[in-house]
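*Asks:* Order-wise, the sequence lines are chains R and P.
The numbering of the first sequence is the numbering used here, which starts it at 1 and goes up by one.
The numbering of the second sequence is the numbering used here, which starts it at 1 and goes up by one.
Hints were generated in silico from the structure; no laboratory data involved.
Hints may be right or wrong, so weigh each one.
Claimed, not checked - Far from chain R by the CB rule (all over 12 Å, computed), these chain P residues: (1) Ile-40; (2) Phe-60; (3) Val-262; (4) Ile-280; (5) Ile-329.
As the list claims (entries may be wrong) - Computed beta-carbon distance windows for the label pairs: (6) P:Gly-104 x R:Pro-5: 42 to 50 Å; (7) R:Pro-146 x P:Trp-406: 40 to 48 Å; (8) R:Ala-48 x P:Ala-204: 55 to 63 Å; (9) P:Met-206 x R:Leu-64: 48 to 56 Å; (10) R:Ser-11 x P:Ile-299: 20 to 28 Å; (11) P:Trp-159 x R:Thr-32: 25 to 33 Å; (12) R:Pro-5 x P:Ile-162: 28 to 36 Å; (13) P:Trp-402 x R:Phe-12: 40 to 48 Å; (14) P:Phe-62 x R:Thr-165: 29 to 37 Å; (15) R:Thr-32 x P:Ser-185: 51 to 59 Å; (16) R:Ala-48 x P:Ala-3: 39 to 47 Å; (17) P:Ile-61 x R:Asp-34: 56 to 64 Å; (18) P:Ser-455 x R:Ser-11: 20 to 28 Å.
Even glycine gets a Cβ: it sits at the ideal position worked out from N, Cα and C.
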Amino acid sequence: MNDTPLWASESFWKKTAIWVTAGSFIILVFLTMDSLSQTKAGSKRVPAYAVINKKIDYVYQKDLHKSMPVIGDTELLFGKEYTEAEAEQLVMLGKKTTQAKNCMNCHTLLGNGAYYAPDLTKAYLDKGWVNKEMRDDMMVNFLMDPEKNARTFGSNRKMPNLNITETEAKGVVAFLKWMSSIDTNGFPYNFKTINAED
Amino acid sequence: MNAKELCEKSRACLADFTTWVALDSSNLSAGRQLAVKYFIVAVILFFAQLLFGMIAATQFIFPNFLYSWLDFSVNRMVHINAMVVWMLYGFIGCVYWLLEDESGTDIVGLNLGVLAFWVLTGAVTLVVLVYLFIQIGAGNDTTIWLINEGREYIEAPRWADIGIVIVMLIFFYNVVATFSKGKWSGIAGVLTLDLVALAGLYTAGMFYMTNITHDQYWWWWVIHLWVEATWEVLVGVIMAWSLMKLLGVRRQIVTTWLYIEVALMFGSGILGLGHHYFWIGTPEYWLTIGGFFSALEPIPLVAMVVHAMYDAGTHSFKNSNHPAVAWIIAQAFGNFFGAGVWGFMHTLPQINLYTHGTQWSASHGHLAFFGAYATINIAFFYLAIQHWRGDVWMSNGMPNAWRWKWALGLLNAGVLGMTIALLIAGYEQSFIERATEGSTWGGYFSAQNHPSFQSAMVWRWLFGLMTFSGLVLLIWDLLTIGKGETRKTQEIIEH
Numbered sequence: 001m002n003d004t005p006l007w008a009s010e011s012f013w014k015k016t017a018i019w020v021t022a023g024s025f026i027i028l029v030f031l032t033m034d035s036l037s038q039t040k041a042g043s044k045r046v047p048a049y050a051v052i053n054k055k056i057d058y059v060y061q062k063d064l065h066k067s068m069p070v071i072g073d074t075e076l077l078f079g080k081e082y083t084e085a086e087a088e089q090l091v092m093l094g095k096k097t098t099q100a101k102n103c104m105n106c107h108t109l110l111g112n113g114a115y116y117a118p119d120l121t122k123a124y125l126d127k128g129w130v131n132k133e134m135r136d137d138m139m140v141n142f143l144m145d146p147e148k149n150a151r152t153f154g155s156n157r158k159m160p161n162l163n164i165t166e167t168e169a170k171g172v173v174a175f176l177k178w179m180s181s182i183d184t185n186g187f188p189y190n191f192k193t194i195n196a197e198d
Numbered sequence: 001m002n003a004k005e006l007c008e009k010s011r012a013c014l015a016d017f018t019t020w021v022a023l024d025s026s027n028l029s030a031g032r033q034l035a036v037k038y039f040i041v042a043v044i045l046f047f048a049q050l051l052f053g054m055i056a057a058t059q060f061i062f063p064n065f066l067y068s069w070l071d072f073s074v075n076r077m078v079h080i081n082a083m084v085v086w087m088l089y090g091f092i093g094c095v096y097w098l099l100e101d102e103s104g105t106d107i108v109g110l111n112l113g114v115l116a117f118w119v120l121t122g123a124v125t126l127v128v129l130v131y132l133f134i135q136i137g138a139g140n141d142t143t144i145w146l147i148n149e150g151r152e153y154i155e156a157p158r159w160a161d162i163g164i165v166i167v168m169l170i171f172f173y174n175v176v177a178t179f180s181k182g183k184w185s186g187i188a189g190v191l192t193l194d195l196v197a198l199a200g201l202y203t204a205g206m207f208y209m210t211n212i213t214h215d216q217y218w219w220w221w222v223i224h225l226w227v228e229a230t231w232e233v234l235v236g237v238i239m240a241w242s243l244m245k246l247l248g249v250r251r252q253i254v255t256t257w258l259y260i261e262v263a264l265m266f267g268s269g270i271l272g273l274g275h276h277y278f279w280i281g282t283p284e285y286w287l288t289i290g291g292f293f294s295a296l297e298p299i300p301l302v303a304m305v306v307h308a309m310y311d312a313g314t315h316s317f318k319n320s321n322h323p324a325v326a327w328i329i330a331q332a333f334g335n336f337f338g339a340g341v342w343g344f345m346h347t348l349p350q351i352n353l354y355t356h357g358t359q360w361s362a363s364h365g366h367l368a369f370f371g372a373y374a375t376i377n378i379a380f381f382y383l384a385i386q387h388w389r390g391d392v393w394m395s396n397g398m399p400n401a402w403r404w405k406w407a408l409g410l411l412n413a414g415v416l417g418m419t420i421a422l423l424i425a426g427y428e429q430s431f432i433e434r435a436t437e438g439s440t441w442g443g444y445f446s447a448q449n450h451p452s453f454q455s456a457m458v459w460r461w462l463f464g465l466m467t468f469s470g471l472v473l474l475i476w477d478l479l480t481i482g483k484g485e486t487r488k489t490q491e492i493i494e495h
């Protein structure tokens, strides 16, 4: 069978399949190591948890053609300054609560999840919380009793009561504040925050 | 009626059902008896997937429907979990089905395999009952370990994750030990390596992380590298084997094609993972890498269409199982359009910035999972039932052939209709919520309240109902096809 051209032979494609798979996987492993190190909590792209003590904004940068998180001066959450360890504990409680309450099967986080309720990526910065003075308490009250404090925007879609305690609700708000500070390469686009002037 | 009477009544019902179905398991080898166990559970979960999908679709139109009893989050979770699990059951069933034939020997460690089936099925039942009746827990590790991990697609609590890995190891042992005892082949080699990757990747999703960027990074390793890489290769293996059996295609041809598909699939799919890393906090280079490689992902799917259609054409569509071949053709096109075209449409970062997290993904998801994976499993259900009935005739002139044809038509048209409806909703969301209103909560609800979104949800519901009726007809057909048939199957000669 010497007349079989190389590109039509079984063994050629077998070797190609092995080399392509192995090569791609090795590249992925290297990129993974780099990506994980660039996105550690405390890196430029993913701020340390203590960022919850700061003012966070998301501002359009004309030169970059996208919005970027802007970390400002002190703006305490629930009137308390957290150490990095305390902040991590609080954000962890919030993250575990979002998992335990299955938030991702109605909402999206970083754009991933279900599409029955709004995206949570920059939810902490949303204009829907009226003003910054009211925001933190409003969010806690909403999470603890979403039926009574329903925010349906005329859709008739209400968040159910998920038995979230006050401590858990504060954790969720801390988690949302921290998540809003992540550099998401300009997603969501054209987002006007609670700080932006109309 | 007391418990004893109820028990007797259900036993009598089961006996009546068994008599009516009239399937003779002595027609199947012990390995294939295990395969059909997996297929039966797969069909039950397929039904559950559609049922909970319909409830969730209803809630988009009537938000108060079952509010605070069975909320959208629960229904949607059961909908997608039932889908993932029934497809896995189907794939495992397919592999047990072809294992003895391909290796030329009996399955090694079959009893362990049967035990693993019952353990897995018991675990799945328990997980679903907890999803439905306990639903959520407090924000701590106990909930993650016992109730719900809260991560889309892999919500199963951690205890179940560990159980799944153990069952997969037993399944893997069955496969490798059987090929080692019998004979290896190209198909066997690809299958084994693919199963290593499939089982190994699952463990990447078994850790809690507070850093959501890292959390979603590894989460996509499981979801993407399963669905857009290892599952596709598994389907390539199953397709290769079935083309030989159903059409008589030469082994050398299917094996060479399989290697080409593996090269193209892994060559594009592994780094195509990058299209999930555009917006989760990961570095900007993923925009280029993810965009480029995921744009290549449709190529192997085109190759698969060419392969299946060319082989079917050169054999003049002469085959021993008409419904199975029809579903394999549906797979080739469904995979290409659902996974390939619909994926490509929103995979480049320039468009994905506006479509990410909208009904575009749901549109793509519906056509891709159905087209790529539901179809091939259904083809195998028909293959299994043919042998279960004693290798009967399932070609030209079958009685009641309208049933499989209508089931095929209703299921395909239903899913396609849902896909288009969701695509319209996705377009509308991209324009109004994303581009115009900048993805605020107000923007989200403006898009949800828009008449074109609302009517899309009604159309989705109607096409969902069409899909559901197609499934009911499919189940009826699977239970009755070939019953009373005395002619033996059409001989297929390899050429």
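*Asks:* Each of the hints needs a verdict: does it hold here or not?
*Replies:* The hints, checked one at a time:
no.	hint	verdict
1	Ile-40	28 Å, holds
2	Phe-60	7 Å, violated
3	Val-262	4 Å, violated
4	Ile-280	5 Å, violated
5	Ile-329	24 Å, holds
6	P:Gly-104 x R:Pro-5: 42 to 50 Å	31 Å, violated
7	R:Pro-146 x P:Trp-406: 40 to 48 Å	45 Å, holds
8	R:Ala-48 x P:Ala-204: 55 to 63 Å	25 Å, violated
9	P:Met-206 x R:Leu-64: 48 to 56 Å	37 Å, violated
10	R:Ser-11 x P:Ile-299: 20 to 28 Å	22 Å, holds
11	P:Trp-159 x R:Thr-32: 25 to 33 Å	28 Å, holds
12	R:Pro-5 x P:Ile-162: 28 to 36 Å	50 Å, violated
13	P:Trp-402 x R:Phe-12: 40 to 48 Å	47 Å, holds
14	P:Phe-62 x R:Thr-165: 29 to 37 Å	31 Å, holds
15	R:Thr-32 x P:Ser-185: 51 to 59 Å	33 Å, violated
16	R:Ala-48 x P:Ala-3: 39 to 47 Å	59 Å, violated
17	P:Ile-61 x R:Asp-34: 56 to 64 Å	46 Å, violated
18	P:Ser-455 x R:Ser-11: 20 to 28 Å	56 Å, violated
Hint check: violations occur at hints 2, 3, 4, 6, 8, 9, 12, 15, 16, 17, 18; the rest are consistent with the structure.
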